[in-house]
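Participant: Sequence:
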Amino acid sequence: MMKKMVVSCLLTLFSLGVMAQSASISPSRFYFKQAPGESGIQLLRVTNNGEKPETFQISFANFDSEGNQGKTSLVDDDFSSGCAHWLSATPAFFEVAPGETKDVEIRIQVPSTPEALSVRWATGQVRLASERSALNERGADVTGMQIIQTFQFLFHVFQTPPALQDMKEASVLSFQNVTEGQDAQVTLLMEVENSGTAIVDCVPYLDVLNTVSGETERIMNKPFSILPGGKRMVRFLLPEAMAPGPYNILGVIDYGSRTDLAGAELNIVVD
1 MMKKMVVSCL
11 LTLFSLGVMA
21 QSASISPSRF
31 YFKQAPGESG
41 IQLLRVTNNG
51 EKPETFQISF
61 ANFDSEGNQG
71 KTSLVDDDFS
81 SGCAHWLSAT
91 PAFFEVAPGE
101 TKDVEIRIQV
111 PSTPEALSVR
121 WATGQVRLAS
131 ERSALNERGA
141 DVTGMQIIQT
151 FQFLFHVFQT
161 PPALQDMKEA
171 SVLSFQNVTE
181 GQDAQVTLLM
191 EVENSGTAIV
201 DCVPYLDVLN
211 TVSGETERIM
221 NKPFSILPGG
231 KRMVRFLLPE
241 AMAPGPYNIL
251 GVIDYGSRTD
261 LAGAELNIVV
271 D
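The sequence shown maps to residues 1 to 271 in my numbering.
What the hints contain is simulated information worked out from the structure, not anything from laboratory work. Some hints could be false.
Claimed, not checked - Distance windows between CB atoms, simulated:
| hint | residue 1 | residue 2 | range |
| --- | --- | --- | --- |
| 1 | D76 | R45 | 21 to 31 Å |
| 2 | A97 | L43 | 39 to 49 Å |
| 3 | Q57 | M220 | 31 to 41 Å |
| 4 | T216 | S28 | 50 to 60 Å |
| 5 | Q176 | L209 | 12 to 22 Å |
| 6 | L173 | S26 | 33 to 43 Å |
| 7 | R29 | T90 | 28 to 38 Å |
| 8 | Q42 | R235 | 53 to 63 Å |
| 9 | N49 | N177 | 42 to 52 Å |
Unchecked claim - Quick list of in silico lysine-lysine cross-link-like pairs, DSSO-like style, CA-CA up to 30 Å:
| hint | residue 1 | residue 2 |
| --- | --- | --- |
| 10 | K71 | K231 |
| 11 | K33 | K71 |
| 12 | K102 | K33 |
| 13 | K52 | K102 |
| 14 | K231 | K102 |
| 15 | K231 | K33 |
| 16 | K222 | K52 |
Ideal Cβ placement from N, Cα and C applies to all residues, glycine included.
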């Protein structure tokens with residue numbers, strides 16, 4: 001059975017000392033498009049915004065995203081869609097002075113094997129650890145457990161073979177009004193599925209038409225990505241100031257296709 005551990009985009013254990021530390025990374029996503037047997041390099045920027053030198057370490061792990069809520073979990077090294085074992089960082093262990101930025105090479109080495117013909121993904125972990133000075137100061141005769149305060153940033157890596165770059169396809173599984181009782185805002189839910197073989201980066205929006213006045217409005221929502229075979233639930237909140245009356249609403253997902261969009265239509269009445 002595959003072991004999993006829930007992970008969020010920023011894992012943090014706070015203490016008063018750690019809260020005073022400040023660091024950042026950029027970008028948070030890497031998109032590689034290497035053919036089998038090829039390698040590729042992109043740069044990760046790690047910035048120390050604190051007031052003292054800090055040491056960082058980079059490692060890689062596989063992740064999966066089940067369900068339709070956009071949550072991810074770390075999975076075993078043998079995960080069939082993972083590429084953590086293809087990734088490396090140079091340097092993988094380094095120090096950054098206060099106010100400085102370190103450029104790190106993130107390299108992917110794609111093997112010349114059949115597994116290189118499918119989309120792969122993984123996550124990188126940039127960890128900052130405090131020194132173990134507290135335990136040393138207690139002396140060798142003192143026993144006990146020491147808590148090492150650390151925090152880590154995650155970035156995601158996606159590898160798409162060139163042959164699959166134009167194989168994007170998404171569909172809307174459902175689009176419904178889920179407003180309850182006397183809710184101040186009309187709430188709509190849309191479930192989207194990646195029905196293709198490539199990762200899709202989705203931009204969701206609504207085209208809202210008042211069928212009496214003819215007035216139209218476009219309502220944008222936050223972009224998101226869906227892995228092949230995955231699903232995602234998108235929540236839309238209509239403006240509270242909408243005039244009462246009947247509306248025709250077209251929910252649209254722009255998933256990066258050059259020719260197609262995914263969408264669904266809904267008619268509602270705002271009281």
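Participant: Next step is simple, just say for each hint if it's right about the structure.
Facilitator: Each hint tested on the structure:
1. Distance hint for D76 and R45: a CB-CB separation of about 30 Å, consistent with the stated range 21 to 31 Å.
2. Roughly 19 Å separates the CB atoms of A97 and L43, a value that falls outside the hinted 39 to 49 Å.
3. Roughly 38 Å separates the CB atoms of Q57 and M220, a value that falls within the hinted 31 to 41 Å.
4. Range check, T216 to S28: about 34 Å between beta-carbon atoms, so the 50 to 60 Å window is missed.
5. Under the hint 12 to 22 Å, the C-beta atoms of Q176 and L209, about 18 Å apart, fit the expected range.
6. Taking the beta carbon of each, L173 and S26 are about 34 Å apart, inside 33 to 43 Å as hinted.
7. A C-beta distance of roughly 19 Å is found between R29 and T90, which places it outside the suggested range of 28 to 38 Å.
8. A C-beta distance of roughly 32 Å is found between Q42 and R235, which places it outside the suggested range of 53 to 63 Å.
9. Between N49 and N177, the C-beta spacing of about 45 Å keeps the proposed range 42 to 52 Å intact.
10. As the CA atoms of K71 and K231 are separated by approximately 11 Å, the hinted pair is consistent with the 30 Å bound.
11. Only pairs whose Cα atoms come within 30 Å are accepted, and K33 paired with K71 is accepted, the gap being roughly 25 Å.
12. The straight-line distance between the Cα atoms of K102 and K33 is roughly 25 Å, inside the 30 Å bound, and the hint therefore holds.
13. Restraint check for K52 and K102: the C-alpha separation of about 15 Å stays at or below 30 Å, so the hint holds.
14. With a C-alpha separation of about 36 Å, the suggested pair K231 and K102 falls outside the 30 Å cut-off, and the hint is violated.
15. Restraint check for K231 and K33: the C-alpha separation of about 23 Å stays at or below 30 Å, so the hint holds.
16. For a cut-off of 30 Å, the pair hint linking K222 to K52 is broken: about 36 Å separates their Cα positions.
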